[in-house]
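There are 2 protein chains.
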Amino acid sequence: MIDKHQIASDFRDLQDRICLAIEQADGKAKFQEDIWQRPGGGGGHTRILQEGKVIEKGGVNFSAVDGAMPPILQQKMNTQAKDFFASGVSIVMHPQNPHVPIIHMNIRYFEMSDGTYWFGGGIDLTPHYIVAAQAAFFHQALKDVCDAHHPDYYPSYKKWADDYFYIPHREETRGVGGIFFDRLSEGNGKSKEQCFDFVKSVGEAFAPIYTALMAQNKSKKVTEAEKNWQLLRRGRYVEFNLVYDQGTKFGLETAGRIESILMSLPKYASWQYDIKAEEGSAEAYTLAHLKKGLDWLG
Amino acid sequence: MIDKHQIASDFRDLQDRICLAIEQADGKAKFQEDIWQRPGGGGGHTRILQEGKVIEKGGVNFSAVDGAMPPILQQKMNTQAKDFFASGVSIVMHPQNPHVPIIHMNIRYFEMSDGTYWFGGGIDLTPHYIVAAQAAFFHQALKDVCDAHHPDYYPSYKKWADDYFYIPHREETRGVGGIFFDRLSEGNGKSKEQCFDFVKSVGEAFAPIYTALMAQNKSKKVTEAEKNWQLLRRGRYVEFNLVYDQGTKFGLETAGRIESILMSLPKYASWQYDIKAEEGSAEAYTLAHLKKGLDWLG
Chain A
2 MIDKHQIASD
12 FRDLQDRICL
22 AIEQADGKAK
32 FQEDIWQRPG
42 GGGGHTRILQ
52 EGKVIEKGGV
62 NFSAVDGAMP
72 PILQQKMNTQ
82 AKDFFASGVS
92 IVMHPQNPHV
102 PIIHMNIRYF
112 EMSDGTYWFG
122 GGIDLTPHYI
132 VAAQAAFFHQ
142 ALKDVCDAHH
152 PDYYPSYKKW
162 ADDYFYIPHR
172 EETRGVGGIF
182 FDRLSEGNGK
192 SKEQCFDFVK
202 SVGEAFAPIY
212 TALMAQNKSK
222 KVTEAEKNWQ
232 LLRRGRYVEF
242 NLVYDQGTKF
252 GLETAGRIES
262 ILMSLPKYAS
272 WQYDIKAEEG
282 SAEAYTLAHL
292 KKGLDWLG
Chain B
2 MIDKHQIASD
12 FRDLQDRICL
22 AIEQADGKAK
32 FQEDIWQRPG
42 GGGGHTRILQ
52 EGKVIEKGGV
62 NFSAVDGAMP
72 PILQQKMNTQ
82 AKDFFASGVS
92 IVMHPQNPHV
102 PIIHMNIRYF
112 EMSDGTYWFG
122 GGIDLTPHYI
132 VAAQAAFFHQ
142 ALKDVCDAHH
152 PDYYPSYKKW
162 ADDYFYIPHR
172 EETRGVGGIF
182 FDRLSEGNGK
192 SKEQCFDFVK
202 SVGEAFAPIY
212 TALMAQNKSK
222 KVTEAEKNWQ
232 LLRRGRYVEF
242 NLVYDQGTKF
252 GLETAGRIES
262 ILMSLPKYAS
272 WQYDIKAEEG
282 SAEAYTLAHL
292 KKGLDWLG
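So the protein lines, in turn, are chains A and B.
Just so you know, our numbering puts 136 at position 135 of the first sequence, and the rest follows in order with no gaps.
Just so you know, our numbering puts 97 at position 96 of the second sequence, and the rest follows in order with no gaps.
Heads up, a few of these hints could be off.
No copy labels: a pair is met if it fits in one copy or bridges any two.
[To be verified] DSS-like, lysine-lysine: derived pairs with alpha carbons at most 30 angstroms apart: (1) Lys250 with Lys77; (2) Lys83 with Lys5; (3) Lys222 with Lys277; (4) Lys219 with Lys29; (5) Lys219 with Lys201; (6) Lys277 with Lys29; (7) Lys31 with Lys277.
If you're looking for bench data, these hints aren't it; they were derived computationally from the structure.
The shape of chain A in the complex, shown without the other chains (with noise of 0.2 angstroms):
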């Protein structure tokens, strides 16, 4: 039987082997390591890679962190429950070159003392530039990692995901989408053994899909305008996980490690008024597929 032991040393193991192949795939940078304790209980390994050959700013996180309830948190969760524990791993990768897409990976833990647990989880892809066989080819993995494990996993965690990574004032999603999924519990057949396979095996999708997408669009030519292109997505992505991501605004209100929190920024961003793609440009094409609901495997 699984216990949150277990399941949080799966989850470093796990950390580890993609901060390897991420090194390995950018052929230049190292990951810093902060170690750092929660004063409530608990910590974490930030692991943060900066000026790298292709990535230019990412990080890698793991945390295990248990404790008394924060009563916000109680009251989130309408429970009573006195502790908690929670682990997981993230991931937000912000590329050099535009023509690599920045990626997002989480999965996590939770469990409370009256015994309910669940896990959640997800990838999506921001490409600078969308690339329809790119974002096709990445739906594909995710739909082979869900189909192992259930068929209706792919289509409701693609949705749940086309509906959370969206920027309601921009009338945009962050990018191509891909899954998400929380509250994931045994039940419709699956044990909780069988819940966790299925979150490690989207934690192991993530270094192969994502060296794949590097190695194939790290030494494509840039130009300025698409260097500034590059600097305008970053700046909706911002705006996404500032106004509008739960894990971030969470890990605000609670006064979590800010550093580790915020990780998931660029190190540059650009603001500009009204900008406008020219019709018929990459630019404009990459617009008008930011759009709930498309197959990309259709």
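Based on the hints, put chain B in the right spot on chain A.
Leaving out everything else, chain B in the frame of chain A:
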């Protein structure tokens, strides 16, 4: 007796005078104007200045909107009033040179069909590098404006600004504060006209204060390290505006004109992991003075 038309008209005139003063002080850039209409009633004049000699990006917005109270507004304000009118001038200036501070000014008027109304506003200064003498000059100018109208205004509105322009997750004020007030209406021996006179004098104070700070700092030499520090401080400005600023949040929630609302964001900003200021440096001095309750005139 002043009415909403008079107030909006005076606000528009103020916008014109401020834009002229900024253009003159900049010496190069011209504001571009977008006139927009709000589907539900009213509209605005957004004026944006980009790539000036002194100002990298800035906006001076005027709007006067009216119509049916949006349900979310009725709920927030706990009212049954059917219609509203709102007018204001909003300014943010992001300078090129890190020794010129960022500044924000807003004055506004709101009324509802049940006869309630109020004024609000504020000015606050966000130096990338705090200079005590300039913070004192700024606060003295605001105190002079306040004291001409009521002896309580400066101390209470200064405190209000300290509390409002605060970034809890960084445990930093946005800058050296200024004044902030809301829900100002007749009472305490003041008529509506006298309240409006005060609000106008806040608006009139903006241009002389900021053009003086521009002139004083625009030609200072700048190192690469100082430019980088400016980008990091702008990152904090983005965090405040997207996470905490009530006006921005309200605009995003009510689907206001997004390009006008987010004109407050800088052209370029940066986030770098776990930056520390060197002991005894100008950066460390600045961080040590991003605190509530400092008496710059003491």
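Structure-based check of all given hints:
no.	hint	in the structure
1	Lys250 with Lys77	both (13 angstroms within a copy, 21 angstroms between copies)
2	Lys83 with Lys5	within (17 angstroms within a copy, 54 angstroms between copies)
3	Lys222 with Lys277	within (23 angstroms within a copy, 35 angstroms between copies)
4	Lys219 with Lys29	within (13 angstroms within a copy, 39 angstroms between copies)
5	Lys219 with Lys201	within (28 angstroms within a copy, 55 angstroms between copies)
6	Lys277 with Lys29	between (36 angstroms within a copy, 24 angstroms between copies)
7	Lys31 with Lys277	between (38 angstroms within a copy, 20 angstroms between copies)
Figure legend: structure checked against the earlier numbered hints; every hint is met.
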